[in-house]
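In my numbering, the protein residues as written are 955 to 1500.
Rather than coming from a laboratory, the hints here were simulated on the basis of the structure.
Pairs of lysine-lysine, BS3-like flavour, derived with a Cα cap of 30 Å:
hint : residue 1 : residue 2
1    : Lys1196   : Lys1015
2    : Lys1122   : Lys1233
3    : Lys1443   : Lys1422
4    : Lys1468   : Lys1196
5    : Lys1468   : Lys1015
6    : Lys1144   : Lys1233
7    : Lys1047   : Lys1443
8    : Lys1144   : Lys1422
9    : Lys1263   : Lys1443
10   : Lys1443   : Lys1196
11   : Lys1015   : Lys1047
12   : Lys1263   : Lys1196
13   : Lys1263   : Lys1015
14   : Lys1422   : Lys1468
15   : Lys1263   : Lys1047
16   : Lys1443   : Lys1144
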Amino acid sequence: MAIRSHLHRPRLQFATLLISVLTLSGWLLTSAAQAPATGLESIRQDELRAKLTHFASPEFKGRGNGAPELDRAAEYLAAEFQRNGVTPAGDGKTFFQNFQMFTSRLGPGNELRSELGAGGRRVFRIGEDYAPHWLSPDGSAQGSLVFVGYGVSAPHLGFDEFAGVNLKGKIAVAIDRNPRITDDASPFNKLHRSDFAEIGVKARRARESGAAGLIIVQHSADSGAVGMQGLAQMLGTDYPLKDIPMGSASNPDNPPIPVIMASSAAGAELVPGIWQLQKRIEATLQPQVLEVEGVRASLNVDLERTPFKARNVLGLIEGRDPTLRRELVVVGAHYDHEGEFNGRIWPGADDNASGTVALLELAEAFSNARARPARSILLAAWAGEEKGLLGSRHYVTDPVAPLSRTIAMFQLDMIGRNEEHGANPRLGLERETSQQNENALNVIGSMFSADFRRSIEEANRRIGLVVKFRYDDTPEELLRRSDQWPFLKNRVPAVFVHTGEHPDYHQPTDTPDKINYPKLEKIVRLVYLTAERIANDAMRIRFEDR
955 MAIRSHLHRP RLQFATLLIS VLTLSGWLLT SAAQAPATGL ESIRQDELRA
1005 KLTHFASPEF KGRGNGAPEL DRAAEYLAAE FQRNGVTPAG DGKTFFQNFQ
1055 MFTSRLGPGN ELRSELGAGG RRVFRIGEDY APHWLSPDGS AQGSLVFVGY
1105 GVSAPHLGFD EFAGVNLKGK IAVAIDRNPR ITDDASPFNK LHRSDFAEIG
1155 VKARRARESG AAGLIIVQHS ADSGAVGMQG LAQMLGTDYP LKDIPMGSAS
1205 NPDNPPIPVI MASSAAGAEL VPGIWQLQKR IEATLQPQVL EVEGVRASLN
1255 VDLERTPFKA RNVLGLIEGR DPTLRRELVV VGAHYDHEGE FNGRIWPGAD
1305 DNASGTVALL ELAEAFSNAR ARPARSILLA AWAGEEKGLL GSRHYVTDPV
1355 APLSRTIAMF QLDMIGRNEE HGANPRLGLE RETSQQNENA LNVIGSMFSA
1405 DFRRSIEEAN RRIGLVVKFR YDDTPEELLR RSDQWPFLKN RVPAVFVHTG
1455 EHPDYHQPTD TPDKINYPKL EKIVRLVYLT AERIANDAMR IRFEDR
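The task is simple: from the sequences and hints, build the whole structure.
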């Protein structure tokens, strides 16, 4: 799910004074010889088509992170914001909020060893038995091993595998993911709870208990997957830029201690009986913490990181009310995508040129409105989404206004197609056809704000989309997979506006000719009306803890 900027094409001029009346999605529009459209009427499918076709063109080569074309896209977005009279909201009175991303490659000093009581020693093989986690800090750790189950600390759910555990000077060993991941009744199989599975979350909790390092063991259900070989290959020197892991120094979810990823077979050597312990956890949902007797380990993480500049593009529509203008409604979309490889381009028309060009239409609409909203509107084009929501994760550490004054957030990501996929009960998906979803839109995240949902429903009475409030809490984890997630984690009401996945998702075939432009126009108009409503309402919408 990614996004990019686009070229604004001028409206047609007529040499004569003859008025040409056009009907567009039920709206009467006149030529540019007439007074320009204002506000809602300025959001037009012909402009969206022109901008999207440009933004997803070969000129931007798929807008890959770390590629010069992503910088070119950022410059284009800033120029479009400026052309529409949007105020720069980035660093130093520019449109750019700079942050540092990096690529990770294997260095020569990675190591994982174990020592058994009677002098036995095992040197594990990188790429077969283990690989460093790409976000891990460099460093080493030595000590005895303590198995901490899944490494989950959720005392409010009655489950804390770190409670009373002293890990000072020791290495924690945890299974990847969460317990009971295939159990619909498990609180850890719910999307809004699954932060516990994040490596950085487990590593932070391990460090709080004194751990010097962390070994994450591949889940038994994943033992036949790509595994350590695939991870080591991605960190290799000959892997394409498009696919190598990336990170950001400002990501608040980076692990604070060295982290090694180990295969399920290596995990069984380090912690004898690990899979029996896992079965007990699954059966009882009770912690099974074990200090491994007679086994010590040493690990070293050595990653060669190449930093590069990344930029969010931020533009402000200042509110008219002298008091309420200090509060923000954020409308965001990521403009990065998959880039290119071997001369083949991943254009990312739906993912996420569709959301990016929506920002440009909204910039024009809010700037040309007869009256600006009471509160301010921040238009944010995020970089680094495809590499772990890195732009939005950075933003919440350095917001334009304190997050306590951010009253709502819209994430526009893949808003140009019709959802289309087969049934997948494991992910909670039913079969969907393009024809079924010709006029449909998914809104994800409203479970955290009934007020937000009501605002969307009221605005949609004027637009007439089939709005489906769903996917908040399914194993597919859509709620966590775009830039609304860092805002929700900080208790900001946020929704993911999304028309759904389709066979061209993350494929070179995601092209502009497949976009449903009449529906895209309606979606952008719905976002405009809802954002305007929320920005003008005397009462703030409320966030509801779940």
